[in-house]
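**Q** So the chains spell out like this:
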Amino acid sequence: MFQKFLSDFHQNIIEESRWEYFTRGILITLEVAFFAVILGVLLGCIVSIIRSSYDLNINRHKMSVINVIMWPLNFICKVYITIIRGTPAIVQLMIIYYVIFSGVDINKVFVAILAFGINSGAYVSEIMRSGIMAVDKGQFEASRSLGMNYVQTMIYIILPQAVKNVLPALGNEFITLLKETSISGAIALNELTRGASIIGSQTYNYLFSLLFVAIIYLALVMILQYFISKLERRLRVGDR
Amino acid sequence: MTDKSLLIKTVDLCKQFGDIEVLKGINAEIYTGDVVVVIGPSGSGKSTFLRTLNLLETPTSGEIYFEDVDITGDVNINYHRQKMGMVFQQFNLFPHMTVLKNMTLAPMKLLGLSKKDAEETAISLLNKVGLEDKANAYPNQLSGGQKQRVAIVRALAMSPDVMLFDEPTSALDPEMVGEVLEVMRDLAKTGMTMVIVTHEMGFAKEVASKVVFIDEGIIMEEASPKEFFENPKSPRLKEFLSKVL
Chain A
1 MFQKFLSDFH QNIIEESRWE YFTRGILITL EVAFFAVILG VLLGCIVSII RSSYDLNINR
61 HKMSVINVIM WPLNFICKVY ITIIRGTPAI VQLMIIYYVI FSGVDINKVF VAILAFGINS
121 GAYVSEIMRS GIMAVDKGQF EASRSLGMNY VQTMIYIILP QAVKNVLPAL GNEFITLLKE
181 TSISGAIALN ELTRGASIIG SQTYNYLFSL LFVAIIYLAL VMILQYFISK LERRLRVGDR
Chain V
1 MTDKSLLIKT VDLCKQFGDI EVLKGINAEI YTGDVVVVIG PSGSGKSTFL RTLNLLETPT
61 SGEIYFEDVD ITGDVNINYH RQKMGMVFQQ FNLFPHMTVL KNMTLAPMKL LGLSKKDAEE
121 TAISLLNKVG LEDKANAYPN QLSGGQKQRV AIVRALAMSP DVMLFDEPTS ALDPEMVGEV
181 LEVMRDLAKT GMTMVIVTHE MGFAKEVASK VVFIDEGIIM EEASPKEFFE NPKSPRLKEF
241 LSKVL
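First to last, the protein sequences are chains A and V. Residue numbering for the first sequence follows our numbering, beginning at 1 and increasing consecutively. Residue numbering for the second sequence follows our numbering, beginning at 1 and increasing consecutively.
Bound conformation, chain V alone (with noise of 0.2 Å):
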């Protein structure tokens, strides 16, 4: 956490499905070794904000600057996303695979590693997350949270710049969501710049530099965790931690 230099900027960014307006203008900027927690209500178009930062999503009008480069014009968005890892909430590990497969296959095809250097790098990434032991395993073996620690070193495989997170605990069993959180928390610490779309309050004040509330398609307010939740500002912020918390 060195160098505090803008890694994503997003401008006047907009989203309509059909007639309905998802993202309503939002102006975001993530910074490196930022932890950025993005909260709000259903329907909010929280998650919509963080699937089009890697164009999961086209965003129908607006910029966004990632590296200083803006992934909305034309540009091969392939080369950019690898520089983004994204976690899920239903895992999405691929089934037909093993755990090593899974984590290798993009480091391979992508980044040009050997077999070997790409194996290297998964085995000490699932060391990291505790399991080892579940290379060789095919996803539809491991638990829920077992799935999402390997879908989160999946990611980390490619050595992204920033990794987004679309309510990763959200379809996990309550016994489960610690060891992801877990496993979030260590990741911050080693200064990854992170972007996080959760429900986890308790985990947003701990481990946030930053928590931005999005409520009908803008956001309407953002603070560091302790201003955010001990002096919210705007009325829908009250009301809505007010239900949550």
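With the rest of the complex left out, here is chain A (with noise of 0.2 Å):
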């Protein structure tokens, strides 16, 4: 039993420097992921921010400037999010490289970051809104007959207290996006999964590599959750 378990380990690990498979891939998974969060996080606040003052200041009894500005604006990112939310992840990508970018030379990893940024955005935004609508309107008031514009109250004293309020749903989304770079294998992207699977192909030995790879993610991902509740106790300061 034990011989049978050293020697699919030699098998599917170490002979032919299989292992490299998986250090290649964990490093591209964690650059894929790790860019694809950051512009996650950029569209969301962006298109939350729109939203959330769309749905906070319409008046909707006049043609106001406002009006006249924000209602594409809203209407762009309502498409947006149904767009995204609408249809899957692994189809995106593949519109991303096989017909966007279609005879154009372009790096994978560019284009998975591209992929699943746009797709984390979309779910971004509409946690960051429900975090922005759940501030005391109070707040708002407190930092505007300060003086303070906008924009300023947004950045100091909305956005802050709404990450906090959303923290735990934020590290769901996170933890769903890095593991969701495993179908980028879709267009032939050497991140973990296919690592696993190539392997499972030359080896014929698919447990060994797919418990593997799985034990990979899991350790990735709790890495990860240390680092957000982590975070979640920092922003938890104020509470007492």
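The reader is advised that the hints may include incorrect statements.
Unchecked claim - Examples of chain V residues lying across from chain A (beta carbon under 7 Å, computed):
| # | residue |
| --- | --- |
| 1 | 54 |
| 2 | 78 |
| 3 | 81 |
| 4 | 82 |
| 5 | 86 |
| 6 | 90 |
Said to hold, decoys possible - Each pair of labels, with its calculated beta carbon distance range:
| # | chain 1 | residue 1 | chain 2 | residue 2 | range |
| --- | --- | --- | --- | --- | --- |
| 7 | V | 75 | A | 235 | 32 to 42 Å |
| 8 | A | 75 | V | 243 | 32 to 42 Å |
| 9 | A | 38 | V | 206 | 30 to 40 Å |
| 10 | V | 130 | A | 236 | 25 to 35 Å |
| 11 | V | 175 | A | 56 | 18 to 28 Å |
| 12 | A | 234 | V | 178 | 35 to 45 Å |
| 13 | A | 130 | V | 75 | 32 to 42 Å |
| 14 | V | 14 | A | 57 | 34 to 44 Å |
| 15 | A | 76 | V | 185 | 36 to 46 Å |
Keep in mind the hints are simulated off the structure, nothing from the lab. Positions of the beta carbon are idealized from the N, C-alpha and C atoms, including for glycine.
Build the complex: two chains, separate frames, hints provided.
**A** Pasting the structure below:
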């Protein structure tokens, strides 16, 4: 039994330097996930601010300047969220790679970052919007009454509190995104999962390589979880 | 209280929420150094009146002159709001910042004060209200009365020309009302112009230079506190006073 385990390990990991599929895969997976999270958070913040500003400030009885500028922006954001949430991530990824960048020599890592960032942004924006809407209206009024403008109020007063409100949900989204990168095999990007399936196809022993890759994902998620809960504790300082 | 110049003037101020007319033409004049106490039954529009003065509520029609500028016109309201401190019923301190940060954020971002100067001002204001030891506390660690005192000095840190109080003691436990009124009394003595919406009749009698009675969206009566409480003219005010005194 133990002998079998050792020989499987040797065959799947050591032989022909197969472990390099994992080490290279981890780096690519982390690279894609990291930059996609940044892109997703940026997009999500912008979209959520537009959406909640529209919901909070709109004066439905008047054709004011705000309405004229904000209505189309809000509409675009809603279309973006609907399309991205309404279609599978793997389809979006393939459309970006095989349709939008077809015939162009383009870095697959970049394509994956773009696809997952745009995908995540839609979810992050709705998470952030729920956080913004949950901040007490009085916070907004107090900030404005001191003379701070809308943008300053958002940056210094509303967003920090909104992020604190939604950090558990954001953590969820980051974890999902990290694992979602495993579909990048669809554009032949050699990330972690594809590495495992290549090994399996070479050794005809999928059990070992897939088990191994599952453990690696679990470890990565646990590390991510650790940092998220640390951040959560830090943001809770004002709660006594 | 040397020169009594006109600080705030409202002309035919109206405010509707949907079909409900809350303010139906308010004409008020507030001079520098005035302590104007606004009283009235609930739903009378007194809080709405106060909140329109710094445009937290946009009036439906009418004009508001603040330091001779019509702030309902095409102006940078953020600039004018810097000179109008406001204190809320629910305190509205920023819970993610220490007391000191609450008080220094706006002066640093808006008045261009250095961190050192802003903190010096904040500490000396905290000294005045007996909360210097709370500078590094978070709002949730304070009692209601302490929160409201911090909210008052946070507004004062911007060196405003007028202070607006929207029922500052209504959310407080009874034993904490006194400490907040004490701070407001001291502030009035320094000659600060104040507009106060409150239900504290004793405080109005003692501190106000003018008492205004708002009911059904208009100013029904305004007078000196002595005249107002001892010799009310309109039947609505007589009825109101008989209920609350």
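**Q** Now tell me if each hint is right for this structure.
**A** Status of each hint after checking the structure:
Taking 7 Å as the C-beta contact cut-off toward chain A, the hint placing residue 54 of chain V at the interface holds, the least distance being around 6 Å. The closest approach between the C-beta of residue 78 of chain V and any C-beta of chain A is roughly 5 Å, which is under the 7 Å cut-off, so the hint is satisfied. Taking 7 Å as the C-beta contact cut-off toward chain A, the hint placing residue 81 of chain V at the interface holds, the least distance being around 4 Å. The closest approach between the C-beta of residue 82 of chain V and any C-beta of chain A is roughly 3 Å, which is under the 7 Å cut-off, so the hint is satisfied.
Interface hint status for residue 86 of chain V: upheld, as the beta-carbon distance to the closest one in chain A is roughly 4 Å, under 7 Å. Proximity of residue 90 of chain V to chain A holds as hinted, the smallest CB-CB distance being about 5 Å (cut-off 7 Å). The hinted range of 32 to 42 Å is satisfied by residue 75 of chain V and residue 235 of chain A, whose Cβ atoms lie roughly 37 Å apart. Our hint of 32 to 42 Å for residue 75 of chain A and residue 243 of chain V is violated, since their Cβ atoms are close to 52 Å apart.
Between residue 38 of chain A and residue 206 of chain V the beta carbon distance is about 59 Å. The supplied range of 30 to 40 Å is therefore violated. For residue 130 of chain V and residue 236 of chain A, the Cβ-Cβ distance of about 28 Å falls inside the hinted range of 25 to 35 Å, so the restraint holds. Between residue 175 of chain V and residue 56 of chain A the beta carbon distance is about 37 Å. The supplied range of 18 to 28 Å is therefore violated. Taken as a hint, the range 35 to 45 Å holds for the pair residue 234 of chain A and residue 178 of chain V, whose Cβ atoms sit roughly 38 Å apart.
Distance hint for residue 130 of chain A and residue 75 of chain V: a CB-CB separation of about 35 Å, consistent with the stated range 32 to 42 Å. The hinted window of 34 to 44 Å between residue 14 of chain V and residue 57 of chain A is violated, with their beta carbons roughly 21 Å apart. Checked against the given bound of 36 to 46 Å, the beta carbons of residue 76 of chain A and residue 185 of chain V, roughly 54 Å apart, lie outside it.
Of the hints listed earlier, those the structure fails to meet are numbers 8, 9, 11, 14, 15, in rising order.
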